[in-house]
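Residue numbers (the working numbering), protein chains in the order written: chain A, 1 to 120; chain B, 121 to 227.
Worth flagging that the hints you see were computed from the coordinates, not collected in a lab. Don't be surprised by glycine CBs; every beta carbon is placed ideally from N, CA and C. Possibly wrong hints are sitting among the right ones.
Derived pair list, reagent style PhoX-like, types lysine-lysine, alpha-carbon separation capped at 20 Å [what the hints assert, rightly or not]:
1) B:K227 - B:K159
2) B:K159 - B:K223
3) B:K162 - A:K43
4) B:K159 - A:K43
5) A:K43 - B:K170
6) A:K43 - B:K223
7) B:K162 - B:K223
Quick look at which bits of chain B chain A covers, simulated, 3 or more residues with Cβ under 8 Å [stated by the list, open to error]:
8) 135–146
9) 188–194
10) 212–219
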Amino acid sequence: EVQLLESGGGLVQPGGSLRLSCAASGFTFSSYAMNWVRQAPGKGLEWVSVSFGGSGTTHYADTVKGRFTISRDNSKNTLYLQMNSLRAEDTAIYYCAKEIDTYGLGADQWGQGTLVIVSS
Amino acid sequence: DIQMTQSPSSLSASLGDRVTITCRASHSISNWLAWYQQKPGKAPKLLIYKASTLHTGVPSRFSGSGSGTEFTLTISSLQPDDFATYYCQQYNSDLYTFGQGTKLEIK
């Protein structure tokens, strides 16, 4: 059974940093693209970043480029999101989501999400 | 960047109704489109990928069509479990943008 378990969310001041983790199990983690997707309170889904399987190539939404870094440790089956220079508008539930392939095609498994609140 | 626009933003329908949601892309995305269903407090679920391929386990009353810039999600006969918010997402560019969502409510 595929499981994705996010952790690392919490309350942080504007300008601060936070690192999210997503522990994966039940599939060959290194072979699949992995995403971070966020959802602000009462709002729609916003794609944040992707790390392709195999090559590990990464891409970012313009709203987080230069501030967030996605990475993966295939030996630990864990996906990370390092978030720096956090802003109030980064407040959201952050979901880790597994793609159905090495590249993007559709995210078939999602974690339960971890809440990040950016506030003074 | 490719922008995705869904219509309508909200929709009221009755059990048994046939419902269609539209997603338009600002540039051609071939068939690199997925549809998701999300219920309050829950993570999204994948319904369809590559515009028309039904994901494993998804009921056959859901179908997707389209290519290029215009896509549709159709639910052939609404069931109680279908009242939720639906999102499209494009995978053509390196930035995987979502539509703004369509909330499907009971009439």
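Each hint, compared with the structure:
1. A threshold of 20 Å between alpha carbons decides the hint, and for B:K227 with B:K159 the separation of about 17 Å falls inside it, so the pair holds.
2. The straight-line distance between the Cα atoms of B:K159 and B:K223 is roughly 10 Å, inside the 20 Å bound, and the hint therefore holds.
3. About 13 Å separates the Cα atoms of B:K162 and A:K43, which keeps this hinted pair within 20 Å; it holds.
4. For a cut-off of 20 Å, the pair hint linking B:K159 to A:K43 stands: about 13 Å separates their Cα positions.
5. Taken as a hint, the A:K43 and B:K170 pair is broken in the structure, with Cα atoms around 25 Å apart against an allowance of 20 Å.
6. As the CA atoms of A:K43 and B:K223 are separated by approximately 11 Å, the hinted pair is consistent with the 20 Å bound.
7. The suggested pairing of B:K162 with B:K223 holds, with an alpha-carbon distance near 14 Å, which does not exceed 20 Å.
8. With 0 residues bearing a CB less than 8 Å from a CB of chain A, the segment 135–146 of chain B misses the requirement of three and the coverage assertion fails.
9. Coverage of a stretch by a chain is defined here by at least three residues with a beta carbon nearer than 8 Å to that chain's beta carbons; for the segment 188–194 of chain B and chain A the count is 0, and the condition is violated.
10. Residue count for the segment 212–219 of chain B with a Cβ under 8 Å from a Cβ of chain A: 6. That meets the three needed, and the coverage hint holds.
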